[in-house]
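As you go down the protein sequences, you meet chains C and D in turn.
Residue 46 in the working numbering sits at position 46 of the first sequence, and the numbers go up by one each step.
Residue 1054 in the working numbering sits at position 54 of the second sequence, and the numbers go up by one each step.
These aren't lab readings, by the way, just hints derived from the structure by calculation.
One or more of the hints may lead you astray.
[Stated by the list, open to error] No farther apart than 27 angstroms at their CA atoms in a straight line, the calculated lysine-lysine pairs in the DSSO-like style are these: (1) C:K178 <-> D:K1164; (2) D:K1175 <-> D:K1164; (3) D:K1175 <-> C:K178.
[Claimed, not checked] Derived list of chain D stretches under chain C, where covered just means 3 residues or more per stretch with a C-beta under 8 angstroms from a C-beta of chain C: (4) 1117-1125; (5) 1343-1355; (6) 1484-1490.
[What the hints assert, rightly or not] Among chain C residues calculated to face chain D with C-beta under 10 angstroms, some are: (7) D106; (8) A110; (9) L112; (10) L122; (11) F152; (12) L164; (13) D180.
From the three backbone atoms N, C-alpha and C, an ideal C-beta is built for every residue, glycine too.
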Amino acid sequence: MIAVLAAAAQNADAPVYVAQNVAFGIIAALMVFSAIRVVTTANVVHAAAYLVMVLAGAAAQFILLGAEFVAITQVMVYIGAVVVLFLFGIMLTKAPMRGEEFARRDQWLAGLFTSVVLFGVLIYGLLDGFGRSKIPQDLQPTLTGEVSDSIFGTYLLAFEAISLLLLAAAVGAIVVSKRD
Amino acid sequence: MPASLLAVTTETYSTPVLDWHALAPLVILMVTLGLAIIVDSISARRTSTVLPNLAGLGMLAALIPVLTLAISDDRSRELFGGSFVVDRFSLLMSALFLVAGYVTVLLSTNYIAEGDYHEGEYYFLLVASVAGMVFMASARDLISIFVALELLSIPAYLLASWRKRTQTGIEGGMKYYLMGVFASAIMLYGMSLIFGGTGHTRLVDVGEALHGSFGSEPIAVIGIVLTLVGFAFKVSAVPFHNWAPDTYEGAPTPITAFLSVASKAAGFVALIQLIFVGFLGRDDVVRPMMFILAALTMFVGNVIALRQTNVVRLFAYSSVAQAGFILAPLAVVAADDPAVLSGIVESMTLYLVAYALMNLGAFAVIIAVSRRTGTGEMDSWGGLFSWAPALAVTMAIFLFSLGGIPPMLGWNAKFRLFDAVVSAGTASAYTMAVIMAINTVISMAYYLTLVRRMFVDDAPDGDHTPIKVPVPLVAAMAITATVVVVAGVIPGPLSDLAQSATLAIAG
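Let the sequences and hints guide you as you build the complete structure.
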């Protein structure tokens, strides 16, 4: 966060959309806070609610970048379907609302070590690769029509394969979950 | 900006040019899938021979356009601006997947019918997975590769948990699914970093960008490593192999054969395409990573295999170790040496074909034997020669071939792997060759232990009544054993085939 702001200050004279960059920072801070709460809160339902915050923040960032189609998809698929599925799963399985302490201390340490190293490597790589990038003033939004053109043009075969994949997944899921 | 949100697109849409001949194998598989659903829902009897025949014929029919494409004059056909390429490499690999799928149908016919499993959906998912593999063989684009991987994996997750009434079946399927989804997420993140840096999804463009300024950035290295890790899971390379033994033991045995052969080969096909078309600009990253993966995979797989008492688990670890052998040539990729590069692709394709045939054959014998013994324990294999001499001899052929004893096919293929590694001529290449030699010896130990049990030991209960092997299993064994022996004695044609299986890199 601080590093992003520092990088933004570094070439402040470049023509940028100030309002968009400020909004980016505020939403990013909210997302980081919510993401930390997802894993630290003890109540599973609260965690799902914080997850909605993170996903809605991501959708808002996509709007700022002019990617309207991705933003709407993010809201419909992740908030509309995935989180609702989580909540249904929590309610239907009668899972305990409070989390349990299950990680042993050595697992906990190994997990901490791995995540800290991974975090450091990724942050270094991302800042080095994209740290100086800003939302430019002449940002052109990606039109949904262009997205559909590439789906039914360049990626036609992948699109067809996905429809096949969903059919196979639905058929298999019914068989595996069916009681017989 | 907001005013333009709802504006009509300025670019005009141009219909993509479809080369139906190049797409024919996939189209035939999709038609088979549609027919399978319809036939399954209108057939009155739940257990019929219609569906296995339909699935098998569908895969054989898809082989026809593969053959006509192979004898046509075009060296390569590119669709969608080069994100779907049909070249000699993809044709040979498609043929491998289709034959492996057909043999899996042969292995499944009696197993699934007698086990009271859901039959129609089983073959439907099997064909769907094979369609994903055939798609993978031609996918030269990050999005296509990802979609192909999911299309071949998700039916495989479901098939692995087909024995849902048993604890091991559920456990194996669940582990495979969770680990697979985890690996997919890591891989997708790596792909998104590469796309973010290059702005391209086509592997050719990614390759060009890696030669440029993006190639020297740390983010490129992270992207490459994360993407390759996802496929290291798919080929069950150590340390991403934890799922393999439990999944192989819990899944229906024909599916175990399918996973250990076709699914693994698809992972290698993706690795070859990614590395040779996309990531060659950073071969200094790929080389050490593949060296560590290959060495660890061979040692861990072989050493743990030595201690196994269950035949299916033995083959699970054996297939982990074999994956290490196939990975080994990738540890010497050198972008500036075309001879080494073509040697690597050639030896890997040859070994993939050889490994697929001998492992499928070995699993056919395992299924035939466990039809009588009802268990996978190695003790039950004692004295196999006295009550089923043909099965014992066939199994010995496959075991010798897996171990790399002449004149079987496995020997020739393994020799080519050594040749490809040594021809790089660097210190790490010679180290890798030594590691491979040590591991070949270790692997011989457990393959020959099983041979000794079959020929020397006595039957555990003194029961020497001969067993009856169903026709589809005999056919599967006959196909694979014939090729393993004939192509071992006369290595020329298959080697030429592998040699011609070059990737259409340019373009």
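Hints, verified against the model:
1. C:K178 <-> D:K1164: Status holds; Cα separation ~10 angstroms.
2. D:K1175 <-> D:K1164: Holds - the C-alpha atoms of K1164 of chain D and K1175 of chain D are around 13 angstroms apart, at most 27 angstroms.
3. D:K1175 <-> C:K178: OK: K1175 of chain D and K178 of chain C at ~20 angstroms, within 27 angstroms.
4. 1117-1125: It holds, with 4 qualifying residues against the three required.
5. 1343-1355: violated (count 0)
6. 1484-1490: violated (count 0)
7. D106: D106 of chain C check fails; min Cβ-Cβ to chain D is 17 angstroms, beyond 10 angstroms.
8. A110: Nearest chain D Cβ about 13 angstroms off; hint violated.
9. L112: The hint is violated - L112 of chain C has no Cβ within 10 angstroms of chain D, the shortest such distance being about 19 angstroms.
10. L122: Since chain D brings a Cβ to about 7 angstroms from L122 of chain C, closer than 10 angstroms, the hint holds.
11. F152: 7 angstroms, holds
12. L164: 6 angstroms, holds
13. D180: Since chain D brings a Cβ to about 8 angstroms from D180 of chain C, closer than 10 angstroms, the hint holds.
Taken one by one, the earlier hints fail for this structure at numbers 5, 6, 7, 8, 9, listed in ascending order.
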